[in-house]
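Protein chains in written order, with the numbering used here: chain A, -3 to 277; chain B, -3 to 277; chain C, -3 to 277.
Among the clues, some could well be false.
What the hints assert, rightly or not - What the simulated footprint calls covered on chain B by chain C, stretch by stretch (three residues with Cβ under 8 Å from a Cβ of chain C suffice, anywhere in the stretch; the number is not a length):
#, stretch
1, 146 to 159
2, 166 to 176
3, 179 to 188
To be verified - Simulated coverage check for chain B against chain A, where a stretch passes if three residues somewhere in it have a Cβ under 8 Å from a Cβ of chain A:
#, stretch
4, 24 to 31
5, 236 to 248
What the hints assert, rightly or not - Computed spacing ranges between beta-carbons, pair by pair:
#, chain 1, residue 1, chain 2, residue 2, range
6, C, Q218, A, A75, 53 to 59 Å
7, A, E271, B, E247, 50 to 56 Å
8, A, G197, B, R65, 36 to 42 Å
9, A, D240, C, G91, 34 to 40 Å
10, B, E260, C, Q218, 25 to 31 Å
11, C, K147, B, C90, 54 to 60 Å
12, B, K211, A, A75, 42 to 48 Å
13, B, H245, C, N21, 45 to 51 Å
14, B, C90, C, K78, 32 to 38 Å
15, A, Q263, B, H245, 38 to 44 Å
None of these hints come from the bench; they were simulated from the model. Backbone N, C-alpha and C fix where the C-beta goes; we use that ideal spot for every residue, glycine too.
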Amino acid sequence: PPTWGRGSLRLPSLPLAPCRAFSNNKILVELDESSGVATMKFKSPPVNSLSLDFLTEFCISLEKLENDRACRGVIFTSAVPKIFSSGLDITEMCGKSTEHYAEFWRAVQEMWLRLYGSNMVTVAAVNGSSPAGGCLVALSCDYRIMVENPKFSIGLNEAQLGIVAPFWFKDTFVNVVGHRVAERCLQLGSLLPAPEALKVGLVDELVPEEKLQEKAVAVMAQWLALPDHARQLTKSMMRKVVLDRLVAHREEDIQNFISFISKESIQKSLRMYMEMLKKKK
Amino acid sequence: PPTWGRGSLRLPSLPLAPCRAFSNNKILVELDESSGVATMKFKSPPVNSLSLDFLTEFCISLEKLENDRACRGVIFTSAVPKIFSSGLDITEMCGKSTEHYAEFWRAVQEMWLRLYGSNMVTVAAVNGSSPAGGCLVALSCDYRIMVENPKFSIGLNEAQLGIVAPFWFKDTFVNVVGHRVAERCLQLGSLLPAPEALKVGLVDELVPEEKLQEKAVAVMAQWLALPDHARQLTKSMMRKVVLDRLVAHREEDIQNFISFISKESIQKSLRMYMEMLKKKK
Amino acid sequence: PPTWGRGSLRLPSLPLAPCRAFSNNKILVELDESSGVATMKFKSPPVNSLSLDFLTEFCISLEKLENDRACRGVIFTSAVPKIFSSGLDITEMCGKSTEHYAEFWRAVQEMWLRLYGSNMVTVAAVNGSSPAGGCLVALSCDYRIMVENPKFSIGLNEAQLGIVAPFWFKDTFVNVVGHRVAERCLQLGSLLPAPEALKVGLVDELVPEEKLQEKAVAVMAQWLALPDHARQLTKSMMRKVVLDRLVAHREEDIQNFISFISKESIQKSLRMYMEMLKKKK
Chain A
-3 PPTWGRGSLR LPSLPLAPCR AFSNNKILVE LDESSGVATM KFKSPPVNSL SLDFLTEFCI
57 SLEKLENDRA CRGVIFTSAV PKIFSSGLDI TEMCGKSTEH YAEFWRAVQE MWLRLYGSNM
117 VTVAAVNGSS PAGGCLVALS CDYRIMVENP KFSIGLNEAQ LGIVAPFWFK DTFVNVVGHR
177 VAERCLQLGS LLPAPEALKV GLVDELVPEE KLQEKAVAVM AQWLALPDHA RQLTKSMMRK
237 VVLDRLVAHR EEDIQNFISF ISKESIQKSL RMYMEMLKKK K
Chain B
-3 PPTWGRGSLR LPSLPLAPCR AFSNNKILVE LDESSGVATM KFKSPPVNSL SLDFLTEFCI
57 SLEKLENDRA CRGVIFTSAV PKIFSSGLDI TEMCGKSTEH YAEFWRAVQE MWLRLYGSNM
117 VTVAAVNGSS PAGGCLVALS CDYRIMVENP KFSIGLNEAQ LGIVAPFWFK DTFVNVVGHR
177 VAERCLQLGS LLPAPEALKV GLVDELVPEE KLQEKAVAVM AQWLALPDHA RQLTKSMMRK
237 VVLDRLVAHR EEDIQNFISF ISKESIQKSL RMYMEMLKKK K
Chain C
-3 PPTWGRGSLR LPSLPLAPCR AFSNNKILVE LDESSGVATM KFKSPPVNSL SLDFLTEFCI
57 SLEKLENDRA CRGVIFTSAV PKIFSSGLDI TEMCGKSTEH YAEFWRAVQE MWLRLYGSNM
117 VTVAAVNGSS PAGGCLVALS CDYRIMVENP KFSIGLNEAQ LGIVAPFWFK DTFVNVVGHR
177 VAERCLQLGS LLPAPEALKV GLVDELVPEE KLQEKAVAVM AQWLALPDHA RQLTKSMMRK
237 VVLDRLVAHR EEDIQNFISF ISKESIQKSL RMYMEMLKKK K
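Could you put together the complete structure from these sequences and hints?
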């Protein structure tokens, strides 16, 4: 069991030089060196979907910040109106090769391992809807603030698409809302409007949209007031069991994803879902 | 760990031909083929106690519905006024042979394994008090609606009788109300009036008695709106750990029950409890 | 898994003769033989810190009561105004020998193993602030009543001192408040004012200071109304997993404590903390 003085999770480094400030294609990263707080702003219209490119950029950006001694915390938010992130990009899961599915799924796992296991303080400033994988990003942070607009909803709604949230999505969810709420919401594929999300503890607080940035900065300051080392070891102690479970079953999880997603019935329901989304536009 | 594309729990079939509609001695089963929803109505006066006969009939009825493609969900309710189910039949545990205790306990286990692991949507429409094993039946469903009458109470009150709820009753309870509420209520053998039960999450909502049936049908419709396969896999992912624990320790659990229930001190306290119940009448 | 008829945790006895009533240096123990309820009153000014002497006396007193058939429950409270217990005595962790650290840590473990695993009903009557180890004492009881004064706070604030709560402090905390609240409060080292502590379930109820004793006695009577044997087995079933985890890793946990506490950086931050406390006076 994790205990006094144990090291926290350390993933192997990506082969990248550290860097102070950088912008990319799909994520805008800004680091305020005076406060030690970075902002990762998702700007991948129309809906910040978690494509392979997005995930790769996410992991590289997070790794850079993790290795940057000037950075102690990250705020995640969206530059796209009304949407935080729509979750996994369905086009990556439809009509592609087995190799592509494997690469994509490994990138999804990597994103979660790095975010849920981050040594930095992570705050989700949820300024729009956040279904499925978008919800996972928020759940993996240390604290979740959401805009109080009831039109914005959040949840692991995989079941509504005919698919099943992976066990580590579930573990992350249970750690936040407890077993009963997780069981009910996962089976129903519930997307909860912001006020409902607050009620079940899926988010920690609601604020008016114009106060979101300010609130995120204030919360971050509160968390950064703690000594890094003790806070990091504590976070690791709380999350290690769940992180280790995926690390131990990573290849098996990829194979399960591939065999599930390759089924004709699943491909068909994903195609239907995409058609529906196109019509909505 | 359970994950994408894993099958859900499948118990060995009972040797019974499937059948559309059937009535029995202690449970009335009605299947509405248009909606795919069955109702299992307990009609074993005076208190719907879970006798060996009742449990056998329960398992057979549930198995029939599980194997019936026309059935996707089951509502459990009582045909006896003021009582949902009084729980395990104490006469089955008093002054009987070791073989009888073993047979009875195996039937209790079987009931729970089939109900908690059911692939169908299960809704408890709790229209009366529901102590001990009656509470377990409700806890094992996907959703619990209770009549808002504060005279009706529900809980795992085994400790009040001088006995201990089995570990899998406890696991099921913890999965619904969390560790703290479970610890407190199990130690105190708490029977909670409906409003208290709602407060701690032991039931999901309260309705006036005359609205119970209508509400159960509405909730069922909401759950049946989800694709069966994804919902079933999700349910299995949430419940598998706890189901597997009993499957792995089933014979040991039977032996433990027998040696516990055979103690003279326990036999004595059960006899006293039965005397008290008789006087109450 | 624990189940029907399994024995509860039995620690090896301390080599002490049982005794009816006794007073000591740092803890006043009174046993009311008519009710079977003892009170352990902490009287180690200025702040009831858990020194090696205090812990040794605590374990001896608890063991005596545990072995005394006239005693069925214990109420823990403070004889020092405004403070329940300030937690582990930092002077025991600063500038001492490795042997001393080992002896001290073993005593901390022993206190928790005996209290969390006690067969008696344990009620914390929290009549003052209760940080860190003081909070652990309260968390390890069956029920927590706190004085409703918002100036009194409670919590596992180790992170604020630059140290990490041991895994079994964390396990005990999670069992009371759930994973999410524990994760947040442990990372922030939160000390919650009494009303906040009630809100997250860290304590079970608040009362005016003058009603505390009366309430503790009433709660104790409610718990003692249950048959001891069933209640004890139920308690053991709920707590065994977490108790066993420390028993299995006890020596490792001591070594971890020693190597952590021996670090110069930790020694320095503890010295600074003690300086700050002295200035406060």
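Now for the hints, and whether the structure bears them out:
no.: 1; hint: 146 to 159; result: holds (count 6)
no.: 2; hint: 166 to 176; result: holds (count 4)
no.: 3; hint: 179 to 188; result: holds (count 6)
no.: 4; hint: 24 to 31; result: violated (count 0)
no.: 5; hint: 236 to 248; result: violated (count 0)
no.: 6; hint: Q218(C) / A75(A): 53 to 59 Å; result: holds (57 Å)
no.: 7; hint: E271(A) / E247(B): 50 to 56 Å; result: holds (53 Å)
no.: 8; hint: G197(A) / R65(B): 36 to 42 Å; result: holds (38 Å)
no.: 9; hint: D240(A) / G91(C): 34 to 40 Å; result: holds (36 Å)
no.: 10; hint: E260(B) / Q218(C): 25 to 31 Å; result: holds (29 Å)
no.: 11; hint: K147(C) / C90(B): 54 to 60 Å; result: holds (56 Å)
no.: 12; hint: K211(B) / A75(A): 42 to 48 Å; result: holds (44 Å)
no.: 13; hint: H245(B) / N21(C): 45 to 51 Å; result: holds (47 Å)
no.: 14; hint: C90(B) / K78(C): 32 to 38 Å; result: violated (55 Å)
no.: 15; hint: Q263(A) / H245(B): 38 to 44 Å; result: holds (41 Å)
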